[in-house]
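For the protein sequence lines, the chains are A and B, in the order given.
If you count by the working numbering, then the first sequence holds residues 1 to 357, one letter each, in order.
If you count by the working numbering, then the second sequence holds residues 1 to 297, one letter each, in order.
No lab work stands behind these hints, which were simulated from the structure alone.
Some clues are possibly wrong.
Claimed, not checked - Covered by chain B, per the in silico footprint, the following chain A stretches (three or more residues, Cβ under 8 angstroms):
#1 140-150
#2 263-270
Unchecked claim - Which stretches of chain A does chain B cover? Using the computed rule of at least three CB atoms under 8 angstroms from a CB of chain B, they are:
#3 176-188
#4 330-342
Claimed, not checked - FRET-style restraints, in silico, Cβ to Cβ:
#5 B:TRP265 x A:ILE101: 47 to 55 angstroms
#6 B:ALA152 x A:ASN97: 44 to 52 angstroms
#7 B:PRO68 x A:MET278: 47 to 55 angstroms
#8 A:THR195 x B:THR57: 28 to 36 angstroms
Cβ coordinates follow ideal geometry from the N, Cα and C atoms, glycine included.
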Amino acid sequence: MATSTTLPAGDFRTSYAADTTIFPTTTSRNFAILSIVLICFAPMVLSQYWLSLLIQIGIFGIAALGLNILVGFTGQISVGHAAFFGFGAFTSAYLSNHFPIPVFFAIPLAGVVTALVGLIFGLPAARLKGLYLVIATLAAQYILLDFFGRADWFTGGTVPALAKPFSIFGYNIRGDRNYFYVVLAYVVVCYLLVTNLMRTRDGRALVAVRDHYLSAEIMGINLTKYRTLSFGLAAFFAGVAGGLYAHYNQIVSNEGFGIDRSIIFLAMVIIGGVGSIMGTLMGTAFMVLLPESMEWLSVALRGSPIDQMLGLKNNIAFLREVAIGLIIVVFLIFEPDGLAHRWRQIKAYWKLYPFSH
Amino acid sequence: MNFELLAQLLIYGLVVGTLYGVVAMSFVLIYKATQVVNFAQGELLLIGAWVCWALLTKFQVPFWLGMPITLVFMFIFGVLVQIVILRPMIGEPIISVVMVTIALSTVFQALMKWIFGVNLQPFPRVFTTTTVDFFGLKIQTVYVMSLIVSGAMMAGMAYFFKASKYGLAMRATAFNQQVAQSLGISVKNVFAVAWAISAVVSAVAGVVVAVVNGVSSGLAGYGIKVFPAVILGGLDSVAGAVIGGIIIGLLENLAHFVDSEYLHWGNLYEVAPFYVLIIVLMIKPYGLFGTKDIERV
């Protein structure tokens, strides 16, 4: 529908390979490569503050990507994604501290371990759907958080676990400027992986399960397998992102993996566009920048009558939460297809400019 | 074995359990009437309790006047939430509706913290607290009061649905919306009233908890504890919700007893319901009294 309008006139796809290609035109491919190359120069231009925001967008973007596989492509809802994210962070720290595994390998390994845990909690998903599944993941969230508080050997209990700085073949990577490239590499690899996954048989099976699971089953798709698989995949990306997060902060405390974080992940997916891969990144950027913009707003309003009336300075945390909640509600009511849809419309508009029909 | 502690905990479990039951009942009411899973149920308790607290302490309104004002406020609040936020979501996929209520709970909770602060506030003494001797056990009168109020609310709900005309209309809507509409029931009004009643009942529960424990944002935790109760009883069964709530309340305190006497793991009280939830979902996904979904192609 909206996507077809962005196709150049006279471009009729004659083979399946052409139809499933990632970049519809050479220009779009070159543009994507160019933007990645340009982003590589970011650490040289941007300040420390903006760099840390970009790194956060990258890390949370990977976790949100995992959630989008689950929510957008398989149509399952999870309100326990932050717990898996946390599990990945603790696992990566634990593996690199207690075993002679370099951090470079510890992060993907953390992803694999988290995926296994995700599969365990995904088992009810095989039988459940819709609401019941939401509630099962809610339980997973609380059980995993309780486990973090209990397992001193794994998480350090009340003392935060330390994570080593990122190292590759003996070289230590220190500082945000260098870590940025690590995150960028992970983001590119993960997003390419998922884009390609959606072009395979397994990816199409996931979408079929979402669209009409009874028909999918009749067509010979193993429902149990694909529902559990999507849970495992989501947990895998959450684990990888958690690992990146742990080695970025070099400290993992028990906080920040609660249900509010899970809600923020869901918000990223919904605002970006459910079932849109590039939209996930847009949504993540939006959700990372939103609290920051609240901060700027409160700084800008400091001393003004509005500030005195609402006490913005002391209540900035609440202002953020209210803003996050309201933005989700507004998006769901007025723009349920998310930023990705808006982006397509903008592209279509300029493509056809000045004749909009 | 410490029998006195066990008995004490079981009574407390029963009191908390009936409160869970009341909240679960109002949750099921919304679910049955409007097919919305309300993640903001706990926030309705919270808002009710804070409004009543503000009336009683800030405005020095006596309790007999403050309580009805709170209830009227919650009635209007429930209707407004339904009309402004949930009505545009009719016909949207489940995930969107669930997300909206999750977002609402975030907004309400943050707003309440913003307005009333994060500290626990003691509720003004509505009753003089004494203890009643019950077969050698000391029971605080607030617990007895809580049990009576919960029981009264359950009975009131049962009467409303069985005997009143509007209750019948609501049951008809829950059974089949199109048929109800063709029989002249305004489904729009039923949706709004379901939210209003649910908000009012939750607010009463909120005030009861506030009288016993004081008001703080922790009250919203009741909204989360509702899920194990409701799943145990079956998502669409009012009686099941009540029984599920009582079982979860008892179970929590039993877990607490086992924990403090034998295991010493600490904090088992908090997570035990969620383990139960997972187990119930594994073996009996539609709960004890829920209707089984039969799908035909």
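Structure-based check of all given hints:
Here the stretch 140-150 of chain A counts 6 residues with a CB under 8 angstroms from a CB of chain B, which clears the bar of 3, and the coverage holds. Proximity of the stretch 263-270 of chain A to chain B, defined as three or more residues with a beta carbon under 8 angstroms from a beta carbon of that chain, is established by the 4 residues found. With a cut-off of 8 angstroms between beta carbons, the stretch 176-188 of chain A has 0 residues touching chain B; three or more are needed, and the interface restraint is violated. As drawn, the stretch 330-342 of chain A meets chain B at 3 residues by the rule of a beta-carbon pair under 8 angstroms; at three or more, the given contact holds.
About 31 angstroms separates the C-beta atoms of TRP265 (chain B) and ILE101 (chain A), a value inconsistent with the hinted range of 47 to 55 angstroms. Distance hint for ALA152 (chain B) and ASN97 (chain A): a CB-CB separation of about 57 angstroms, inconsistent with the stated range 44 to 52 angstroms. The given range of 47 to 55 angstroms is respected by PRO68 (chain B) and MET278 (chain A), whose C-beta atoms sit roughly 54 angstroms from each other. Between THR195 (chain A) and THR57 (chain B) the beta carbon distance is about 58 angstroms. The supplied range of 28 to 36 angstroms is therefore violated.
Hint check: violations occur at hints 3, 5, 6, 8; the rest are consistent with the structure.
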